Structure formats: structure tokens, C-alpha cells
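Chains as they are written, first to last, in my numbering: chain A, 1 to 170; chain B, 171 to 525; chain C, 526 to 732; chain D, 733 to 1103.
If you are wondering where the hints come from, they were derived from the structure by calculation, not from laboratory data. Fair warning: this is a prediction, and the values are worked out from it, not measured in the lab. Don't take every hint at face value.
Derived coverage of chain A by chain B (criterion: at least 3 residues anywhere in the stretch with Cβ under 8 Å from a Cβ of chain B; other residues may be distant) [what the hints assert, rightly or not]:
hint, region
1, 26–38
2, 57–63
3, 66–73
Only some residues are given here: those of chain D computed to face chain C with a beta carbon under 8 Å [stated by the list, open to error]:
hint, residue
4, P790
5, R865
6, E875
7, M876
8, C878
9, S893
For glycine and all other residues, C-beta sits at the position ideal for the given N, C-alpha and C.
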Amino acid sequence: MELYDIIFYLFAAITLLSAFIVVTSKNIVHSAFNLLFTFFGVTGIYVLLGADFIAVVQLLVYIGGILILLLFGVMLTNRITSVDIRTGTVHIIPAVIGIGILWGALTAIIAFKTNWIVKPADSMEPTTVGLGNLLLTDYVLVFELLGILLLIALIGAASIARREFEELKD
Amino acid sequence: MYNFLTELTGNEIIAAFISAMLPVVFIVPFVIFGVLAERKVSAHIQDRLGPMRVGYHGVLQTVADFFKLIQKEDIIAEGADRKFFNLAPYLVFVGSYAVYAALPFTSTYIGSETDIGLFYIIAVSGFAVAGILMGGWASNNKYSLYGALRSAAQIVSYEIPTALVILSMVMLTGTLSLATMSEMQTAYFWNWNIFGGAEWAFTKLLLIPFMFIAFIILYISTLAEVNRLPFDMPEAESELVAGYSTEYSGMKFAMFFLAEYGNMFAVSALVSVIFFGGYQSPFGYLGNSLGLQWLIPYEQLFWFALKGILFVLVQMWLRWTLPRVRVDQLMTICWKYLIPYSFANLIIIGLITLL
Amino acid sequence: MKQYFKNTWEGLWTVFVGMKITFKHLFVPSVTIQYPDVKVPLPERVRNRLYVNMDDCIGCDQCARACPVECIEIETVKSMPEEDLGKTSNGKKKALWVTKFNIDIAKCCYCQLCVFPCPTECIYMTDVYEFSEFKREDLLYKFSTLSGEETLQKKENFEKFQAEKEAQKAAEIKAKAEAAAKAKAESESKPNSDETKQSEPPKQENS
Amino acid sequence: MALRTEELILNVGPQHPSTHGVLRLEVELEGELVVKVKPHIGYLHRCFEKHAEAMTYPQVIPYTDRMDYLASMYNNFGYVIAVEKLMGIEVPERVEYIRVIMGELQRIASHMVALGTYGLDLGAFTPFLYLFRDREKILTMFEMTCGARLLYNYMWVGGLSHDLHPDFVRLAREFIQYFRPNIVELNNLLTYNKIFIERTAHIGILPADTAINYGITGPMLRASGVNWDLRKNDTYSIYNRFDFDIPVGQGHMGTVGDCWDRYYVRVLEMEQSMRILEQALDQLPEGDINSALPKRIKPPVGTVYQRVENPKGELGYFIISDGSLNPFRVKVRGPSFVNLSVINELSRGHLIADLIAILGSIDIVLGEIDR
Chain A
1 MELYDIIFYL FAAITLLSAF IVVTSKNIVH SAFNLLFTFF GVTGIYVLLG ADFIAVVQLL
61 VYIGGILILL LFGVMLTNRI TSVDIRTGTV HIIPAVIGIG ILWGALTAII AFKTNWIVKP
121 ADSMEPTTVG LGNLLLTDYV LVFELLGILL LIALIGAASI ARREFEELKD
Chain B
171 MYNFLTELTG NEIIAAFISA MLPVVFIVPF VIFGVLAERK VSAHIQDRLG PMRVGYHGVL
231 QTVADFFKLI QKEDIIAEGA DRKFFNLAPY LVFVGSYAVY AALPFTSTYI GSETDIGLFY
291 IIAVSGFAVA GILMGGWASN NKYSLYGALR SAAQIVSYEI PTALVILSMV MLTGTLSLAT
351 MSEMQTAYFW NWNIFGGAEW AFTKLLLIPF MFIAFIILYI STLAEVNRLP FDMPEAESEL
411 VAGYSTEYSG MKFAMFFLAE YGNMFAVSAL VSVIFFGGYQ SPFGYLGNSL GLQWLIPYEQ
471 LFWFALKGIL FVLVQMWLRW TLPRVRVDQL MTICWKYLIP YSFANLIIIG LITLL
Chain C
526 MKQYFKNTWE GLWTVFVGMK ITFKHLFVPS VTIQYPDVKV PLPERVRNRL YVNMDDCIGC
586 DQCARACPVE CIEIETVKSM PEEDLGKTSN GKKKALWVTK FNIDIAKCCY CQLCVFPCPT
646 ECIYMTDVYE FSEFKREDLL YKFSTLSGEE TLQKKENFEK FQAEKEAQKA AEIKAKAEAA
706 AKAKAESESK PNSDETKQSE PPKQENS
Chain D
733 MALRTEELIL NVGPQHPSTH GVLRLEVELE GELVVKVKPH IGYLHRCFEK HAEAMTYPQV
793 IPYTDRMDYL ASMYNNFGYV IAVEKLMGIE VPERVEYIRV IMGELQRIAS HMVALGTYGL
853 DLGAFTPFLY LFRDREKILT MFEMTCGARL LYNYMWVGGL SHDLHPDFVR LAREFIQYFR
913 PNIVELNNLL TYNKIFIERT AHIGILPADT AINYGITGPM LRASGVNWDL RKNDTYSIYN
973 RFDFDIPVGQ GHMGTVGDCW DRYYVRVLEM EQSMRILEQA LDQLPEGDIN SALPKRIKPP
1033 VGTVYQRVEN PKGELGYFII SDGSLNPFRV KVRGPSFVNL SVINELSRGH LIADLIAILG
1093 SIDIVLGEID R
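Same shape as in the complex, but just chain A (with noise of 0.2 Å):
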């Protein structure tokens, strides 16, 4: 084994172990909390992928900006720690053997019907300038759209969280 496959297993193990506390996980800060550790974990992927600058935006964007918003509105939830979530004990038998098909069916025809190619890894190159290139020449009007969407987004939200503090003074 090497250092390699160490860590690719770590990662795994972090997001597979985490990603299933997210789920069952009652409590959920904990849930939030272990949000974290998953895309930790896909972050660490990405990185032996050799999509360096992927990771690097799955770390700022998920886990600097979208986790801690998560968290933000989470921590300022209502009692949050006596909030009762229901993790499906109701028709728990019917869904297992529901997915249980369905998991099956997927795993048959991914492991019998695909061609797998097998091949030595790339050595990893930078991403950085041919992403740029590629989002300001081929993509450069969806790249354009979903910045003005964002903005609109901020705005409005924005707007919708502004409040008056007047009535507050007196």
C-alpha cells in the first residue's frame, strides 16, 4: 500500500463516516458540525483527483462560506437542541427495501456493464490557467449570468433582512 492509497482511504473513511452521522445524527448542530468533516473529506478527494483548484473552492465556498451561514442560521434556530427530528422509524422497511433494489440494481449495472479503462494516473498539472481560460472564452456568458444572478440574490437578501432599529430606540 501506498502513501497514496493511505490517504485516498482516510478521505474516504472521513466523508462516509461523517456523511452518515450528518443523516442520523438527531441533534442538528451535530449534523451541521459533520457537514463539515464531509466536505473536508471531498475536499481531500478532489485533491488526489488532481483538481487542485476545485478543492481549494470546495474549502472556500463550502466550508469558509455555505457551512458557517448553515451554522449561523442553525445556532440561532429556536431551541435547537430539543428540536426532535424524525430519522424515518416510521416505514423504515418499505424504504430499505425500496433503495435496497434500487442500490442493487445501480451497483449490477455499473460493476457488469461498464468498460472500465485502466490506465497510470496523470501527473498532476496545475488547473488554474486553463480554468480561467475556459470561463472567460467558452463560458464566458454563464460565468457572466450567474455572477449577476448571485448579486440579485445578495440583494435581496439583503433587502429581506434589513430591519428598522427605530422602533427598538423608544
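Dock chains B, C and D against the given chain A, drawing on the hints supplied.
Frame of chain A; chains B, C and D shown alone:
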């Protein structure tokens, strides 16, 4: 470094482990020095003596404190969420430690010679926020939670001016790699980015004032990112007791401390790499003039540490001078002042580079 | 807009001014001292631990009465007529055995009110300020020079003396009563003129 | 958008770095906005007023020291002139001058603590220590004179416990020379600092009418623009002989009566106190300080109310005498206690950080509030 160790030990796992542990060899002595320096600087600014007991003029005070902290009882409040409470200090430390992976200590030692080092540093500093939030929440204390929330809001906001300034520098230098950026500012101090970069041209003169503005913006926002006064909202002693670290004691508290001081050096090093040539000597190398090539990395390490420590000292100097800003003023400074200025600066630097 | 730039400038400038001041102070010699190694000389009037010079104490109890927190406790026993307790340094004659002179320094509020009324200036405040103890009982200072046995003995002496005196008095009274009865019997016209002498009460043993 | 939210109750204190003692503020918060503040006091209650009934008149003086322990001299001052008024004692000139000198030095010392801790509340540690360094000089002078640094028991009914130390006048003059430049330095370091101004200007505005309604006195009232100082308006001792100004808040940096004004009024008062000191030191007569000391303090039956301008405001002593050696009743009108009552009014709608700033600007001493 990694390759060298692989050859030396013959096992890449051990080599990877050793090269990953190397920054610890730097951080721990630095923290011991940093805490002492903080106390001494504050003492002398305030006409006091500071620690004087342990060792000559108290130089071993932090070592003694460290041993004291190890021995301390590890208190976990009853209402705390034990798992996350225990995990949080380490997560915060991981966040600050991960930054060191991309810092070029010398031209030969850099943790990861990745091409996107700057971007990585911005991203990874968000990791500490998660740790702080976790610690604040798990403490089950209102002050801690306030501290954590403030900290998160603060760090997320101040990433923007940092990123904008870094963006303008990336435009100027055309690289995201810290090693390359340092390499470009080689030889003498007038080649540093703060003096307009390596090329001699009319643009260099034009750039200098805007570089200074960029430097000040970056320095202020890094101060905020590492929660130093005047932006120490999360800890805000007089308001929130000790913020997110209120409930911590013993070694876990020391972890927070380690992370804080580690972060201080990391951002100072970042500033020195971006504007002050990183590990480059300002006056050329002694090793070159003496013909001793092996000396150069050590000289570089010296300059790197010196510049970093210098900025850390300025942070301390500021801390003992200024009052704390209020939490909404912190946001005002960020959104109404730093971001517009850095935007304008970005555009102007872009225009000048196009010239 | 003008205000905006003014704010920016003021912010930076005042920070700079502040930094200049603190930088200057970096090179100002420190005003603090290394306390247990170096000590500030105390002025002569300094008020710290109370001390009683028992040689001069006459047991008058004025300090205990002046104390607002009642930290001084004094007990005295009258001396025997044949005993000579000597004189205080300012010439007052001592007449009481001070069997107990306790100062609970933990209660003391260092107000110095006990010092002024003292007629012989035997209680005063010293410049000793390091007298912390591990046990609270150790803060109860006992100044009396008499040992327990001596105290008992003095008390016994006094009681014996008192008893003797009383017996003597009783005998006297008896004798007088007898004499008075005799006198009365002899002549009823004369009133008992020495009654005032007889009714003189015995002196209090403690004040 | 009506989101259902809930107020958060936060207990600030009694163990908190900036409640200046053992004060507990029950704060109702909406986010970080203060909705309501309810001060809970009494953690330091020592029954001063009840105690005084069991004490003789001179024995009460050490107890007054312990009320506002940052301005003990002034507490003594108020008490002794109240008893003197009750007994009709005229004290010698020299005693009057010494009392004024001590009182004004105490005012400077008390304001130093107020300003220093105010900086500390806002996160500036250094001015605090600079001011404490200077306060030490005043305390040393006090120690030279009466032997104590904090709880003096210096002023007695009809006189003083000790005469001035021979070096005192020289040291006091030196102190004035030394301290004037330090005020300038303090102003540059803290008062005019942009961050400090931002933190304090327009915060916790106390309008003059509210201040009067609540009975606020002292620098707090003056910061609201009301020219009211008992040293001038209801003069006692020999304050009418000195030439000094009463600084009032003018809203230089924000609105009249905001935290910055309250802070700055104290800075200006230190300067005025030094003016009084200079005059008093120049005029200080020679003489015996003990000539008016009564043999036995046994005031006639009657009541007296005497108020003085303590560093924090109007400190009043109401004493009922039944003709015995002990006062029948001593009631104190403490300035901090009254000034604290306005905190809810001041801090409503501000942030927690502002609450700290407002509390600091009131300059409370819990020893006097709880008594």
C-alpha cells in the same frame, strides 16, 4: 525537502510525516517567543517591567506557563457538548497550521509547492472559523456563543478585502504561488512589491503609493482575520469575558493560544511574502558574496522569520495602543471603507499594469 | 464624500499619533519594581500592623472602646497592694495586671482610632505589612506578657485578697453592727453617723 | 416579514470584567440589541447605615471610607462637615485649606480611575496603566500625610488626624507640573482617537431633562449641559474663595450628553481641580489644626443634611442626633446609586458593547451603591 527526506529515510510515509511536522518545530518556539514578546512589549509600552522571575528578565516565563498549563485540570462544564468541546481547539489549530503548508520559509523548504498557494491560504483560514464556532457553541455559554458568532461574521467579511488586495497583487505578478512571488522580488529591497516590483519602469514610480494603500488594507484585514485588537471581537474581554474560549482551561486553552499566535505569524508572513519579498534578503546574500551556497537557505530562513516577527511586533504595538471597535463598526470598516478602497485600488493597479 | 475621506484620514492619523506615543513609552524606564526583592520605602506615618508595647500598657481599655470593629479585647486584674508593677515610660503608675490583650488583626481596619486615645502611647501602628498566615487563628495576636498560670495566680490572688477584704469588711460590719447595736442599746438618741462609710461598695475587678 | 423571535436574557455580572465590581445587570437582548437592563445590586451590602447607629460619631468615619473607596477623602469630608454643622463647630483656616487640597487631589485620583477603567472597558489597556501610574503619586502623598493609601480616616470632626507632611506642598506642586503634560498625552492617545470617538460619541445620550428627572448629579449631569456643581451652587467649606470653571458637555464629537461628553467632562474637571489646588497651595495658612477638636463628640438633638460634590456627584449625609454619643440615624445619598438608576434609559436600543461603554461612563463604585 520531501524528496530529500524520501531518499534519506527510504520510506515516503515517514518522509511525508516528517516534512509535515516541520512547521511545528517552528511554531512552538515561535509561540513561546511570541507570548513572551507580547507580555514584554505590553509591559514596556505601559512603563512596567513585565515577567522578570523565570530566567534572565523572565525569558523562560512562557516555558514555565506552558508546563503550568499542561498540569492544569481539564474542566469541562456539565452542560457542554463534550465531543465538540474537546474537538474544537484542535480544529482551530488545524486551521492555523494548514496555512503553514503553503508558506515558503526558504527557497528550498516549502510545505507544498502548490501553484495556488495564495488562494489556498485564503480558503484554509476559514477552517479556523468552524473550530471557533464549534467551541463557542459546545461551551453552552451565551458569551461563548456570541464570541463565536461574531468571530465567524468577522472572518468571513474580512476575507473579502484580503482577497481583493491579493487579487490586485496577483494581477501585478501574474502568479498565485507564494514561492514564485517571493522569487520575483529577489536581490535588493527596491525590488519588493511594496516598491512596485522588480521591473524598472515609469510604472514602478506610479505604483508605489497604491502599493502602500494595498499594504495598509491588507494589514488591517489580516489583523481582523486573526482577531487581534482593535478587532478582537470574539474575545472582547470587557464585553464577552473571553468570548469563545471562556469555558476552556488547561491544554485546550493552550491550543487556542497556539492557534492564535500561529495565525499571527502566518498572516505576517503572508504580508511579508506579498509585499516585502518573503524570504528574500534586502541587501543580497552573504552566501553569494562568500561563495558559500549552503548558507543561502539559512539566511533566507533568517530574513523570513525576521520579517514575520517584525510584523507580529507591529500587531502587538497596535494592540496595546488602540481601543476596541464595536462589532457593527467592524463591519462598517470592512464593507464601507476597506472594500471600496481595495476595489478602487484594484482597478488603479490594473490600469497601471496595463500601461 | 468629503466626510468619508476625512473619516479615513482621521482614523489612520489618530492611530498613528497613538502609536507614536506608545512607541515613546517603550524607552521610558519602568515605574514598577520587583516587589519582594525591592521594596518601596514607607513614609514614617504609615499605618500597618498594630503593635502594643506591654511595658507601657496600663490596661485602661480606651483603645478597645475607640475601635469601631471591636478587634481589641482587654482583660485586667487589679494588682495586690504590696505588688509594684513599675511605671510607664511617661511616668504613669501601673495598677492593673493586663491578663489579656488580644488584637484580632484579621478584623482590624487600620483606622488608627485606637492609637490616639492611648495615654501612654503604648499602642501604635508599625510599618510591617507582610503578615499573612495560613490559619485564621494565627492572626489573633496575644500581647499579654503573663502566662496562663500567672494569670490564674493573679486572679486567685486577687480573689483571695477580695475575699479577705470582704471577710474583713463583713467582720467590720458585723463588729460595727454589734457596736451599733450596743450603742443603740446604750443610747437611742444618737444616729448612726458612720453608715456612709460602711455602704461603700467593693471595687469592680474588671472594667 | 414578521419572524418570530425571542429575547435572550443575558446576565452581565456579578463576575464580569467590566461591571466595576459585583454588579449584576440582567439584560434583555434582541440579537445584540439591548431591550431592557435591570441592575441587581446588594452583593456588597455591608449595612453601613445600620452600623453607624451602633458607632460613636468618630467611629463612623472609617466606615465612610469604605463606601466610595476611590474617593474616601471626599466621603470623610462630607461626613465631618455634616457633623460639624450639627455641632456648630468652626474649624481653623488651615484645616479648611487642607481639606480642600485633599478633596481636590482625591477628585483627580478618582477621575483617573474613572477614565482609565473607561478606556479599559473599551479595550485600551495602556491609558489605564498610565493613569494608575500617576494616581500612585497622589496616593503616595496621602500615605505620607495620614499613613494610608486608600482608606484614610484623615478628616476628623473639628480637624484632621495629622497635619500635612513637611514635603507635601512641594510634592503637590511637582505633581501638578508633572501631570499637566500627561493629560495632553492622554488626550492624544485616547480621547481624540478615532476609534474611541466612534465608540463613545452619540452613544447613551442623556438629555438634560431626563438627567434632572432621575436626580443625576456630578459629571454625568454636567455632561448633559447642566451647569450644576455644588462647589459653586451650594458652596461649602471655602470653595467660594477659589476661581475655577465648571466644565459642561458641549457635544464636541457627537451629541450633548453622550458617553464622550461624560468622559471629556472628567478630563476637563481634572484640569479645574488642579487650578483649585494651585490656588489653595498658594494661600495655605499656617496654624494649629487641632484647636477646634472637641473633647467629646456629642451633638445636640437635631437633624442635619449636608451635601458635597463628590467626584461622582452629590454625596449627601442626613444625620439625626438624639443627643447621645451615637447617631440615631445616618442616611447617605450616594451619587453612584442614583446615577446607576438611569442605565436602562440610556442603553435601550444600543448594542451590548455600547452597554459596557455606557456603564463605564456612569463611573459607578459598588462599595457606595450597596453600602
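Against the structure, the hints come out as follows:
Counting residues of the region 26–38 of chain A whose beta-carbon sits less than 8 Å from any beta-carbon of chain B gives 4, enough to reach three: the coverage restraint holds. For the region 57–63 of chain A, the stated coverage by chain B is satisfied: 4 residues place a CB nearer than 8 Å to a CB of that chain, which reaches the threshold of 3. Evaluation of the coverage hint for the region 66–73 of chain A: fulfilled, as 4 residues show C-beta separations to chain B shorter than 8 Å, against a requirement of three. Interface restraint check: D/P790 against chain C, minimum CB-CB distance 7 Å, threshold 8 Å, status holds.
At a threshold of 8 Å, the smallest CB-CB gap from D/R865 to chain C is about 5 Å, leaving the interface hint in force. For D/E875, the interface hint holds, the least distance from its beta-carbon to any beta-carbon of chain C being 6 Å, beneath 8 Å. Hint status for D/M876: holds, given a least beta-carbon distance of 4 Å to chain C, under 8 Å. The closest approach between the C-beta of D/C878 and any C-beta of chain C is roughly 7 Å, which is under the 8 Å cut-off, so the hint is satisfied.
Because the beta carbon of D/S893 sits about 7 Å from the nearest beta carbon in chain C, less than 8 Å, this interface hint is met.
Of the hints listed earlier, there is not a single one the structure fails to meet.
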